[in-house]
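Using the sequences provided together with the hints, build the complete structure.
The chain contents come next:
Protein chains: 2
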Amino acid sequence: MENNFLNIINTRRSVRKFTNETISETDICEILEAGMNAPSAGNEQAWQFIVMTDKSVMKEYSKLNQNVGYLKNASAAILVCGDTKLEKNIGYHFHDCCAATENILLAIHAKGMGGVWGAVFLNAIDDIRELLNLPSNLNPVSVIPFGHFEGKTHDVKSRYDKQKVHWNKF
Amino acid sequence: MENNFLNIINTRRSVRKFTNETISETDICEILEAGMNAPSAGNEQAWQFIVMTDKSVMKEYSKLNQNVGYLKNASAAILVCGDTKLEKNIGYHFHDCCAATENILLAIHAKGMGGVWGAVFLNAIDDIRELLNLPSNLNPVSVIPFGHFEGKTHDVKSRYDKQKVHWNKF
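Chains as they are written, first to last, in the working numbering: chain A, 16 to 185; chain B, 16 to 185.
Worth double-checking, as some hints may not be accurate.
All copies of an identical chain are treated as equivalent in the list; a pair is satisfied when it fits inside any one copy or across any two copies.
Unchecked claim - Simulated crosslink set (DSS-like; lysine-lysine; CA at most 30 Å straight-line): (1) K126 x K74; (2) K87 x K179; (3) K179 x K70; (4) K32 x K126; (5) K78 x K184.
Please keep in mind that the hints were generated in silico from the structure rather than gathered at the bench.
What follows is the structure, encoded as C-alpha cells:
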C-alpha cells in the first residue's frame, strides 16, 4: 500500500487538456474532502472552496485569470481561498491553502483524472471577486482546473535530485 | 487503490511525540522523493532540502525555532527551503515549498510514521542560516520533524465541512 501511495504521488503531473466528460458530485466532494484534510496552522482550517462547474462562469473566469485560459475547457475547477475571518495565525492561510491545493491535485490524480495548479494573479483578483461574489475576507490563493483527459500523461520520470539533498548542513 | 490513497490523505494527522527509533536512509530518500515530485511554478523545482539527523544539530535547531522545540526528540527533520537562484517565477518558491512539504508529510504518514508542519519564524531565520550554513539565496519555508510514534494518532474524524463548499459563487 505504501508503494502504491508513493507511486501515485510520484506520477502526478500537470494536465491542461480535457475531454468533455463531466465529473460526478461525489467525486468532486471526495476531492474537496482530501483538500480539507490538509494540515493548517493551529488546525484552524481557514479556507473556503469555490467549485466552478457552470460553463458560463468558467468561461468568464478564463478571461480574467488569463494564465489559466484553458480552464474553460475543464470539466470543473476549484478556487481555493483563505478566509481571514477564520484565521488566527495571521498570514498562515497561505500555507494552508497550498497544502489543501496539493491534496486536491493528488486526489484528482488518484481518481484517474488530471488537473493543474493555477496561480491567481494579483491583477485579476478584483474582477474574480466580482464574478464569484467573494467578500473581502476571502483571499484566492490558487485555482485548479481539472477533468478527464485522453491518453496518458507523458512524463513520469521521477524528479528526485540527489544534489538538492543536504545532510545536517548546506 | 483510489480509496486507499484517499484514506491515507484523510487520516494524516500532526505528530509531535516520537520514539527513539531511527529511520533508514532509504526511507528518508523516498520521503524526499515525494517532496520533489510536487508541482512547482514552471516546473522549476526551486527548492533545497536540509535533512537533520545529527542529534547535536537538531538540539541546536530546537533552541532557535522555538515553536518546534520538540524537534530535538524526533528521529529526523527536513527543512524545506526555496532557492531564489533557481527561481524564475519570482515569489512562487513559497507555493512550491508548501506543496513539497505536504507531499513529504503524506509520505511520512504512508510509511506508518508521523510528522508535523512546523513554521519557520522570521525572527529565527538568521540564526538558522548560521547553524545550517545556508547561503542568502536559500529561504527556509517549513520544517518537518518526524519519526516513529507509539500507538495510533488520536483524531481520525474527517475534516470535510460542507459549509465551506460554494458552487459557482460564494
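Here is how each hint holds up against the structure:
| no. | hint | verdict |
| --- | --- | --- |
| 1 | K126 x K74 | within (25 Å within a copy, 42 Å between copies) |
| 2 | K87 x K179 | between (37 Å within a copy, 23 Å between copies) |
| 3 | K179 x K70 | between (42 Å within a copy, 21 Å between copies) |
| 4 | K32 x K126 | within (16 Å within a copy, 33 Å between copies) |
| 5 | K78 x K184 | between (46 Å within a copy, 16 Å between copies) |
Violated hints for the displayed structure: none, as all numbered hints are satisfied.
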